[in-house]
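Novice: Using the sequences provided together with the hints, build the complete structure.
Given next are the chains, with one letter for each unit.
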Amino acid sequence: MLHTLSLVDLASRLRDRSLSAVELSQHFLDRIDNASKLNAFITVDPEQVRTQAESADQILSTGDSHVLCGIPLAHKDIFCTEGMKTSCGSKMLDNFISPYDATVVKRLANAGMVTLGKTNMDEFAMGSSNETSWYGPVLNPWSEQRVPGGSSGGSAAAVGARLAPIATGTDTGGSIRQPAAFCGLTGLKPSYGRVSRYGMIAFASSLDQAGPIARSCEDAALLLDAMSGHDPLDSTSVNNDPSTASAQLANTISGLRIGLPKQFFEDGIDPEISRAVDVAIETLKSLGATTVEVDLPNSAAGIPCYYVIAPAEASSNLSRFDGVRYGYRCEDPVDLADLYERSRSEGFGAEVKRRIMIGAYALSSGYYDAYYLKAQRIRRLISNDFDTAFEACDVILGPTTPTTAFGLGAKTDDPISMYLNDIFTNTVNLAGLPGLSLPVGFDNAGLPIGMQLIGKFMQESILLNVGHQYQNVTDWHKAIPQEYQA
Amino acid sequence: MRWECVIGLEIHVQLKTKSKIFSGSSTAYGAMPNTQASYVDAALPGVLPVMNREAAIMAVKFGLAVGAEINQTSIFARKNYFYPDLPKGYQISQFEVPIVGAGSIDISVGEKTKTIGITRAHLEEDAGKSLHEDFQGQTGIDLNRAGTPLLEIVSDPDMRSPAEAVAYLRKIHTLVRYLEICDGNMQEGSFRCDANISMRRPGDELGTRAELKNINSFRFVEKAIEFEIERQIEVLEDGGKVVQETRLYDSDKHETRSMRGKEQAHDYRYFPDPDLPPLVIDSDTLADIKKSLPELPEEKTARFICDYQLSHQEASLLTVDKTTAEFFEAVLEKDSSLTAKLVANWIGGELTARLNKESLTITESAVSAESLALLLSRVNDNTISGKIAKDVFNSMWETGDAPDNIIEAKGLKQISDSGAIESIVDEVLARSVTQVDQYKAGQHKVLGFLVGQIMKESRGKANPAQVNQILKQKLES
Chain Z
92 MLHTLSLVDL ASRLRDRSLS AVELSQHFLD RIDNASKLNA FITVDPEQVR TQAESADQIL
152 STGDSHVLCG IPLAHKDIFC TEGMKTSCGS KMLDNFISPY DATVVKRLAN AGMVTLGKTN
212 MDEFAMGSSN ETSWYGPVLN PWSEQRVPGG SSGGSAAAVG ARLAPIATGT DTGGSIRQPA
272 AFCGLTGLKP SYGRVSRYGM IAFASSLDQA GPIARSCEDA ALLLDAMSGH DPLDSTSVNN
332 DPSTASAQLA NTISGLRIGL PKQFFEDGID PEISRAVDVA IETLKSLGAT TVEVDLPNSA
392 AGIPCYYVIA PAEASSNLSR FDGVRYGYRC EDPVDLADLY ERSRSEGFGA EVKRRIMIGA
452 YALSSGYYDA YYLKAQRIRR LISNDFDTAF EACDVILGPT TPTTAFGLGA KTDDPISMYL
512 NDIFTNTVNL AGLPGLSLPV GFDNAGLPIG MQLIGKFMQE SILLNVGHQY QNVTDWHKAI
572 PQEYQA
Chain P
15 MRWECVIGLE IHVQLKTKSK IFSGSSTAYG AMPNTQASYV DAALPGVLPV MNREAAIMAV
75 KFGLAVGAEI NQTSIFARKN YFYPDLPKGY QISQFEVPIV GAGSIDISVG EKTKTIGITR
135 AHLEEDAGKS LHEDFQGQTG IDLNRAGTPL LEIVSDPDMR SPAEAVAYLR KIHTLVRYLE
195 ICDGNMQEGS FRCDANISMR RPGDELGTRA ELKNINSFRF VEKAIEFEIE RQIEVLEDGG
255 KVVQETRLYD SDKHETRSMR GKEQAHDYRY FPDPDLPPLV IDSDTLADIK KSLPELPEEK
315 TARFICDYQL SHQEASLLTV DKTTAEFFEA VLEKDSSLTA KLVANWIGGE LTARLNKESL
375 TITESAVSAE SLALLLSRVN DNTISGKIAK DVFNSMWETG DAPDNIIEAK GLKQISDSGA
435 IESIVDEVLA RSVTQVDQYK AGQHKVLGFL VGQIMKESRG KANPAQVNQI LKQKLES
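Heads up: the sequence lines are chains Z and P, in that order.
Per this note's numbering, residue 92 is the first one in the first sequence, and the count goes up by one each step.
Per this note's numbering, residue 15 is the first one in the second sequence, and the count goes up by one each step.
Misleading hints may appear alongside valid ones.
As the list claims (entries may be wrong) - If we take Cβ atoms under 7 angstroms as the criterion, some of the chain Z residues that face chain P in the derived model are:
1. Y191
2. S326
3. E574
4. Y575
By construction, these hints were calculated from the structure, which means they are not laboratory data.
We treat Cβ as the ideally placed atom computed from N, Cα and C, and that holds for glycine.
Specialist: This is how it looks when you write it as structure tokens:
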């Protein structure tokens, strides 16, 4: 049962040569094949997998290899991969073969990891259900009538069904943590600047971060350590050494102060989620943690603030998709305006167009002060709230989402209700802080429940440490959907 | 009633960095299309800009040279618009907080000196180029220029005539070359300007302005503005109104044409670029840049007048660019016995004429400062006359030979032996009886003819001062 082994266990088998990287990757390729109905992947290239695995085996046989050498992973299709289609879930880039690797892709490839394929996602990462993808929705492995969450829905479904031992995702307002919660996984959004954004197709530049979607905090820590660190190609990357979260997992959490924002436990939350989170808090207390109530008074402004800033940046970031140099171009344009208009209206889907329009409006002359500038001021207030709260605690805890995975199509006609799914997650992006979602139980329908831990800037190692200590005494993270256990 | 024109200029100065402002691509001019366009320049999905600090340092140099406030923290902003030669769909520029704030520069027109205010100067990236000629029914895009660093220098609306506008433009042109932040090449587009022009009755509020785009030579600036002034006066005197619009100057037809009106004006939706942190120039860096500033044109002119006793006009001519001034000082350094005036006259005369004829800059001169010093030393010590020196100069230019060798080989040494001169004078006088009689009858202007004959006889080598002296002696004895 190779797909149930942790990364550490896999690494040790690869190192003692009782398992080859080729065998291991083939195991996952077969599982991907058998689970094609989930629609978790956009691109899988078995030949390239084999080439990469063989080269990993070669390095492993020399005995001098990175701990992750030979371990397969899936990349969200937002990361540029040299020589491989990088679609970002959009018809616009369906024909785009990247000539270069994103820094994240390059770092993990240099470590010897094997890329199984590229996972499905909401178009340009805009969505919370993976239903805006041009390649069709992804199904939740826990219930095929449910969404896996988004925008990193393909990565979450893939790891949830154990089609890959681990995957990368990106998170602009909750896009790693919410699908991790919906699929019973551990997902980390690092601090802004912790991981390079170079080669990661931009949605909202001041909010986007890449991180791991994993089965455990231990696995997530290993991937974070390998993908993080300063990148001279990204001017917003923090000039710090790579993270060393793995080395701090065993630390005791006795004396840890957990802040519980009253705004995260108010009405509107599924009572089953509240109950599961309460139980998890008790577990952490039994490990020596204490709790304190904290106040995040501007939380309610998070969604409106986010839905001004993110679309504003997106409207500009997506201007380069104009049909001129690469990507989709309409047929027989009569002139330049026609080329732009039709390439963009035919190449982008409805949600992307909606956000481009919102963003362009918010930035337009006469509205800039009322929308964009005001949103930036609110962003500062939200960030200050966290600073104040962290004077009284080490981590902040709450549910990841107000509900468990919702039904396919349930919110597609109601964008606002879809946006509200990110109510607990997107303030974390606005403040640039690290956020971790980990599984803490199931609801009556058998759907996973996620709990979020928010840390101080650049302290993802503490989040992973707390999560790991919790996972040492609980089994929620080990649960696998019935169909995918074998 | 008279009209007064109000002119403001926006000058785009291409900064002389080796690589582009946000990518590592080369900025060299004239390469094959798209061979100097990286993934960043082509705006592939996922790429990010990284600021070239060198461009910021150059901008600060300019700011300090015009006494401007330097914003030690400035912000890059995105200017959003669609055009095929703008790969990202936005230009990275500076909007609310530019690196260089308000400053000023003095210009002279005729005898008058005037201070022109500089509103601001900001860093931005250049766009690529659309190539319409080579593609039947299609347009090619060359991204080699995309991302080249520009400093856009915005003046206050302080100029009141085309001549003032040209004087200001020249002043900035000289300054940026002194600072070595721009090569000043207008043909290659390294230095170009837009002009904002409006008309009003003296003392009135500012009138509605039209913007003239992309004017690429000093001559065209003057002509384009002149044309635009006449056009606006005509509109106004016919009882019409000037509309706010962008106009293009057509140098072939000598006219300006409307490009787009106010209603077609773009809403650029500026906002701070989230990919670039604020540009910070710390105080140490600022102090270092200040220390590194070269002597500026005005300081140099003043020094030349004072140290070398040159006239303002002579000094200005020599300091119009730094390389000319350096050439001048190099000649004097080689031979300090030379007079500054002689050297100035030669550089402004013979040398400049030859350089212009060959379309060369002074750094490409076939006669080096050292060689010119040697030549002028021979004039100074009376080995040759100034006139002969011009012939020697031409030989030096063509053969690269040293002046002494040429003088020797061609036998050009000046005849200063009074005996030898006397015998030539006697010979000429003997065959010029008519002229001698005329002179004696009081017609002294024939002296010139006689000198000419003597010089001719000596093949130009006779020392002219001696010739004059001996001739007069003989005629009046």
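Novice: Could you check the structure against the hints above and give me the numbers of any it violates, in ascending order?
Specialist: Hints 3 and 4 not satisfied by this model.
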